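J.: The chain contents come next:
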Amino acid sequence: MSDITRLATKLMKLDDKLCGCMRCGLCQSVCPVFGATMKEADVSRGKLALLDNLAHEIIKDAEAVDEKLNRCLLCGSCQANCPSGVKILDIFMEARNLLTEYRGLNPIKKLVFRQLLTHPELFSAAMRAAAPFQGIVMRKKGAKTYDMPLMSKLIGSRHIAKLPAKSLHATYGELRTPSSCGITVLFFAGCMADKYYTSVGEACLKVLKHHGVGVVMPTDLTCCGIPALASGDRAGFVKETEKNLAVIAKELIGGGVDYILTPCGSCTATLKEWWPHYAMEFIPEDRKIIETVAAKVMDINQFLIDVLHVDQVEAPAQAHGNVTKVTFHDSCHLKKSLGVAAQPRKLIKQNPNYELVEMKEADRCCGCGGSFTLFHYDLSKKIGQRKRENIVNSGASAVASGCPACMMQLSDMLSQNEDAVQVKHPIEIYAEMLPN
Amino acid sequence: MISPTLIKDLEALLGAENVFTSEADCASYSYDGAVLPSKAPGLVVRPTQTEQLGDIIRLCYEAGVAITVRGAGSNLSGGTVPDTENSVVILTNSLNRILEINTEDLYAVVEPGVVTAQFAAAVEAKGLFYPPDPGSMSVSTIAGNIAENAGGLRGLKYGVTKDYVMGLEFYDYKGNLVKTGSRTVKCVTGFNLAGLMVASEGCMGVISKAILKLVPPPKASKALTAEFANVQDAGNAVAGIIAAHVLPCTLELLDQNTLKVVEADQKCGLPVNAAAMLLIEVDGHPAQVADDAARVEEVLKKCGATAVHVPGSAEEKNKLWTARRMALPALARARPTCVLEDATVPRSQIPTMLAKLDEIAKKYNLMMGTFGHAGDGNLHPTILCDKRDKEEFARVEAAVDEIFDVALKLGGTLSGEHGIGTAKAKWMEKETSKGTIDFCRRMRRACDPDGLLNANKITGI
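In order, the protein sequence lines correspond to chains A and B.
Note that our numbering has the first sequence beginning at 1, numbered continuously upward.
Note that our numbering has the second sequence beginning at 1001, numbered continuously upward.
These are calculated hints, taken from the structure and not from any lab test.
Hints are supplied without guarantee of correctness; some may be wrong.
What the hints assert, rightly or not - Computed cross-link-like contacts, EDC-like style, restricted to lysine to aspartate or glutamate with a CA-CA straight-line distance of at most 20 angstroms: (1) 1390/B with 16/A; (2) 250/A with 220/A; (3) 1387/B with 220/A.
Stated by the list, open to error - Among chain A residues calculated to face chain B with C-beta under 8 angstroms, some are: (4) 19; (5) 24; (6) 38; (7) 46; (8) 50; (9) 61; (10) 68; (11) 70; (12) 80; (13) 97.
All figures in this text were calculated on a predicted structure; none of them were measured in a lab.
Note that the Cβ used here is the ideal one computed from N, Cα and C, for glycine as well.
Looking at chain A on its own, in the form it has when it is part of the complex (with noise of 0.2 angstroms):
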């Protein structure tokens, strides 16, 4: 058998799924990438028809549809707009895993997520060791924003902010807080959280202590997976995954945990998700761990709003100084496949010295898709403009979003414009407002 009708064969394995689609096309009218390029190999219908070509080797190109199909967001518009509810993110990532096995992974890629993502301490010593250079090799672009044009290569020319000097979990080392209302959480920082914006990780540990929640936080947390497992990388994804169930199974022990908690729409997913979604791929015991955190994980807005209440129990703060207007981005992990869209603009609302403005498209995809935006940073760029637009006719000053990697996408957007306008997190700005 030639290797493309063996990849022909396993593809066959999705036809029950790939012939749900009727082809009407309507994903045209939400996909990000296609409203960037009008291209129909660049929208779902598109991109189905060509792996059922694949499956029934009507096309041999492989490795033409593997470049086609990784033309994608995975931002789930589309799915969540099929009128005959096709599975088309489980299509799409099964499909990447196969194409990747045949075609083999990317060098740079396999690096990343085999051993840096899989070692939170090498992962941390690269950061560590880039931090000091910064000021020889950025060039201060925005407020808070520098590119790095002797990084090109990586970064393409990009703006983005000055890399912390300590992660998070240098910071606060293996943390381990009581509860005072009876709810402990284990906080699922994420690299973005732990490693760039290690704000955002000290604006939720913040709020937790505040409101007397308990807090357990891990030290060697790895990667969600969720860059892998978008590669078609699935053993890099199991191999991150299992060092991660051994950590937050230590955890689970003695039920302490009632809570998994994250501030990034994305890990969130991954966990409620794509755990769930591969667990055969796993051994029992880890399954049943996969089961538990999916159970627990929730996104850090929905539980201040859905479980803690604060927008019932807080008394309504006053406004001192002056208000800033701010817009709130739909993160599509976390509108799309989670459904939390009202939980963080409840909790910008409840910091008076903002007002909340609703931008036009405001659950368009922002472009950047992980590591969408490293290896097509043209088209990131292209989709990002439509969201600058969108945000800055808004007339806020400041844009909200409720996952980091939306955040570095919008923030670079809006610093190539040089557009004066901030980029926060929900939980930021409810933060702000606190006592320290």
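Using the hints provided, position chain B relative to the given structure of chain A.
T.: Leaving out everything else, chain B in the frame of chain A:
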């Protein structure tokens, strides 16, 4: 095989970034919304200026390459599936500028690839109304709507796409620009070529510009729903409303199968025991709306509606319309393949048609739900199946044949709004005549001597 010279010429004309030849790119323009075999073209081009259309057609036609024009590719009868591999697909979706919305003379001028919903929204923002609302309007293009003469929910009162085309510009097979109609309400300057282009499915030329009629929006509207214990009563109510000289802007029917499937999917409290439900909306001046709604209610009761409901709030109304909007999606989710038909009968024949559809579903042992635009007789019998099951799909094909037979016997038509394409081409003569087919073919030969413009569609050439 497309010649390298033609590809080079087109690249020079359009830029290499707008000429696609790879296997994967071509394969992604090999299908549309119809359940039909796909066929990939050898070449795909995407003009960014309408003037380029003429040159593209001339170059391809002279090279003997067949031409299929494609907007969103959301059509349901195969009109945008190429006839042969020796084809070029011309994409119009980058020709998407709204050139003018004239609020004094009530018209708009648009390029072919403007998305219908975006156009309707832009018109609404200017305080006017573009009524045609095909189900695919969030992605469909204006020229695609014209080429298919797309309908929608508002057909009964407001008409369909053809009623809004005041003028067109299109390129003929030689690449020459043809102009027809005007910005005026009245225009008898020459043949009504715009009328010829409507529903022409890419067989006569390539539309490059459209002048569309706009109307003032209605000032008020009111919705009602009614449940019936049998479809005969629902059908009589539809006929009764029209006979009472009320023209609702929407008059939709959901049969029991559809109600059950939608309710299972949506849990929105639909009457699953009713044989049929009507969703009605009247619009216009507030006084007339109140008057019309009262009359509709009277007719519904007289015709034996077991329940008549007037939604109290916008939210409640929205919930009811969700049921209608979710009819096709909910049906589509029930099985892998969804064959959506649009056989249309005179309104008075709706009860008979519904009874026949039920018989056909039973006879061929198929799962079928029927919903649609009862007000204009345009029903959507929807067969749920799995096309991979050859035995089942053969029954589907036999059932579809029989549906058309019945529709024609009842004085109806093969297609109310989806077009003929290749999907219904074999039925054309049955509804019309041998003379009609011959006439159409002679006319087509005159406009397409080499038979390269979507040749297999409608009547063949």
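J.: Hint by hint, note whether the structure agrees.
T.: Tested hints:
Our distance criterion of 20 angstroms between C-alpha atoms is met by residue 1390/B and residue 16/A, whose separation comes to about 15 angstroms. With a C-alpha separation of about 12 angstroms, the suggested pairing of residue 250/A with residue 220/A holds against the 20 angstroms cut-off. For the given pair, residue 1387/B sits about 51 angstroms from residue 220/A by alpha-carbon distance, which is inconsistent with the 20 angstroms threshold. Annotation: residue 19/A was flagged as interfacial toward chain B, and the flag holds, the nearest CB pair being 5 angstroms apart, inside 8 angstroms.
Because the smallest distance between the Cβ of residue 24/A and any Cβ of chain B comes to about 5 angstroms, under 8 angstroms, the interface hint for this residue holds. Among the interface hints, the one on residue 38/A holds; its C-beta lies about 5 angstroms from the nearest C-beta in chain B, closer than the 8 angstroms criterion. With a cut of 8 angstroms, the hint placing residue 46/A at the interface with chain B holds, because the nearest CB-to-CB distance is about 4 angstroms. The beta carbon of residue 50/A comes within 6 angstroms of a beta carbon in chain B, closer than 8 angstroms, and the hint placing it at the interface holds.
At its closest, the beta carbon of residue 61/A sits 5 angstroms from a beta carbon of chain B; the interface hint therefore holds under the 8 angstroms criterion. This hint holds: residue 68/A has a C-beta 6 angstroms from the nearest C-beta of chain B, less than the 8 angstroms allowed. A least Cβ separation of about 12 angstroms between residue 70/A and chain B goes past the 8 angstroms threshold, and the interface hint is therefore violated. Annotation: interface hint on residue 80/A violated; nearest CB of chain B at approximately 12 angstroms, more than 8 angstroms.
The restraint placing residue 97/A at the interface with chain B is violated, with a minimum CB-CB distance near 19 angstroms, outside the 8 angstroms limit.
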